[in-house]
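Engineer: Chains as they are written, first to last, in numbering that gives the first Met the number 0: chain A, 0 to 106; chain B, 0 to 163.
In case anyone wonders, no lab produced these hints; they're calculated from the structure. One should not assume that every hint holds.
[To be verified] Some chain A residues flagged as far from chain B (calculated, every beta-carbon gap over 12 Å): (1) Asn3; (2) Ile6; (3) Glu11; (4) Thr82; (5) Gly93; (6) Gly94; (7) Thr98; (8) Thr100; (9) Ser101.
[Stated by the list, open to error] Some residues of chain A that are not near chain B, with every Cβ distance over 12 Å (derived): (10) Pro1; (11) Phe2; (12) Ala4; (13) Ala10; (14) Lys44; (15) Val86; (16) Glu91; (17) Thr96; (18) Arg102.
[What the hints assert, rightly or not] Across the chosen pairs, the derived CB separations fall in these ranges: (19) B:Leu156 - A:Val41: 13 to 23 Å; (20) A:Val105 - B:Val64: 21 to 31 Å; (21) A:Val86 - B:Arg80: 21 to 31 Å.
It should be emphasised that the depicted structure is a prediction, and the values quoted were computed from it without experimental measurement. Where is the CB? At the ideal position from N, CA and C, for every residue including glycine.
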Amino acid sequence: MPFNARITMPAEARAGDIIEIRVLARHPMDRGGQSDGKGGIVPRKILNRLTATYAGEQVFRLDMNTGISANPFVSFTTRAVETGDIVFEWREDGGATYTRTSRLVVT
Amino acid sequence: MSSPISPRSGRPELPTRRAVVAGGAAAAAFAVLPARAQQGEPPQPLAELIARITEGAVPERGRIVLDIPQLVENGNSVDVRIRVESPMTEAEHVRWIHLIADKNPFPDMARFHLTPRAGRAEVATTLRLATSQTVTAVAALSDGSYVLADGNVVVTLSACIDGG
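This is chain B alone, in the form it adopts within the complex:
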């Protein structure tokens, strides 16, 4: 993108050597701040966002399907559907499904809390995407493990345009 609409909508530039050295010192100071993304902060790496919601556990791939279009014209409303293979019994069910868009100003988009009474672990909603990015769904299973699926989305008209 040659003329980003806002500083955040452009791709993050690679840090210079100077920035890395300065960043090391700043990171120590930032470590005490809450990890929650705030407006104006640079986008957090996806791995960090995932680690925060899984409390450090590394989610596996598989058993979860994320249905999202590869190309959307309007980032203001993007259909997404998530299915997790689970019998949804008291002993084995999906506790929640969390949606992350790492380049949104607020990367945590939604969390679906499910119970065994859902019968099936399948949910859908409509998202708002600030720019082309990877959308990640993380599901927490009742045995304490996590599964993950992601999809790349190209957004031609971004959400978060003033007046748009």
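Just chain A, with the same shape it has in the complex:
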């Protein structure tokens, strides 16, 4: 299943407002050890990190382990400081990364 992410946040905010950002990624988060139905086992493959970078600085980071569900949902907040892109980056076991951006207009 290809990686896919849905980012829900306000498109614009006043400077100083605290906005909530909700992120839903599509990922099986294989914790490893299950049967693959063919006599083998599925290796561990999870998204182990999500970072959010906004206005030149990392504003949020989530380190995930196998205790996070498949299709992980994350909600966090940030203070609107300037118009710009919020960059979300997921890191997967094995080193693959996925990046999505979302624009916030600050008035």
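Knowing the structure of chain A, use the given hints to seat chain B on it.
Structural biologist: Frame of chain A, contents of chain B only:
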């Protein structure tokens, strides 16, 4: 549970006298191993798990709220929300929030790293719970202290079932 799905999913039995004596000797040998939980090891006591992430400090209760349902039908996805009372300024903020499920094969579930730019110390995610247990949230504050909240969760359908 009369027929545990796997050896780990049952409640740990009380140790026998013989096991305690043997355990004392084994503990000395185990002490040099890394404290990280590995699959196949018996669940570590919660106090030990907390002490490891707080580097020995004892967290206080209060100023942190853990929102988690008391009864969940499906342990594969459990909504959890954590709020910490904090002004989130440079001088006083929450550094991180750590989630522990002591009966999961890997008890450390996640760590949220926050900065003063979060504005508010409030995060949410979805967890995977192997069995009915206590979920603990530990938050590290910028002054070096720790706060803790926990919640008992009854899970009717556990995660970690093969093919489930």
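Engineer: Confirm or reject each hint.
Structural biologist: Here is what the structure says about each hint:
Separation of asparagine 3 (chain A) from chain B is adequate, the least Cβ-Cβ distance of about 16 Å exceeding the 12 Å criterion. Isoleucine 6 (chain A), annotated as away from the interface, keeps every beta carbon of chain B farther than 12 Å; the closest lies near 15 Å. Every C-beta of chain B lies more than 12 Å from that of glutamate 11 (chain A), the closest at about 16 Å, which supports listing it as non-interface. Annotated as non-interface, threonine 82 (chain A) keeps its C-beta farther than 12 Å from every C-beta of chain B; the closest such distance is 16 Å.
The Cβ of glycine 93 (chain A) lies farther than 12 Å from every Cβ of chain B, with a closest approach of about 18 Å, so its non-interface assignment holds. The non-interface label for glycine 94 (chain A) is consistent with chain B: the shortest C-beta to C-beta separation is roughly 20 Å, beyond 12 Å. Chain B leaves threonine 98 (chain A) outside its interface by the beta-carbon criterion, the shortest separation being 19 Å against a cut-off of 12 Å. The non-interface label for threonine 100 (chain A) is consistent with chain B: the shortest C-beta to C-beta separation is roughly 18 Å, beyond 12 Å.
Under the 12 Å C-beta cut-off, the non-interface status given to serine 101 (chain A) relative to chain B holds; the minimum distance is some 16 Å. The Cβ of proline 1 (chain A) sits about 20 Å from the closest Cβ of chain B, beyond the 12 Å cut-off, so the non-interface label holds. For phenylalanine 2 (chain A), the requirement that its beta carbon stay farther than 12 Å from each beta carbon of chain B is met, with the minimum near 17 Å. No beta-carbon of chain B is positioned within 12 Å of the beta-carbon of alanine 4 (chain A); the least distance is around 14 Å.
At roughly 18 Å, the least C-beta separation between alanine 10 (chain A) and chain B is larger than 12 Å, which holds for a residue marked as non-interface. The Cβ of lysine 44 (chain A) lies farther than 12 Å from every Cβ of chain B, with a closest approach of about 15 Å, so its non-interface assignment holds. Every Cβ of chain B is farther than 12 Å from the Cβ of valine 86 (chain A); the closest lies at roughly 14 Å, confirming the non-interface assignment. Consistency note on glutamate 91 (chain A): stated as away from chain B, and its beta-carbon is indeed over 12 Å from all of that chain's, at 16 Å minimum.
Every beta carbon of chain B lies more than 12 Å from that of threonine 96 (chain A), the smallest distance being close to 18 Å; the non-interface claim holds. Non-interface call for arginine 102 (chain A) relative to chain B: holds, since the shortest CB-CB distance, roughly 18 Å, exceeds 12 Å. Look at leucine 156 (chain B) against valine 41 (chain A): about 20 Å separates their beta carbons, and that is inside 13 to 23 Å. Between valine 105 (chain A) and valine 64 (chain B) the Cβ separation comes to about 30 Å, which falls inside the hinted range of 21 to 31 Å.
For the pair valine 86 (chain A) and arginine 80 (chain B), the supplied restraint of 21 to 31 Å holds, since their beta-carbon distance comes to about 25 Å.
When held up to the earlier numbered hints, the structure conflicts with none and fits them all.
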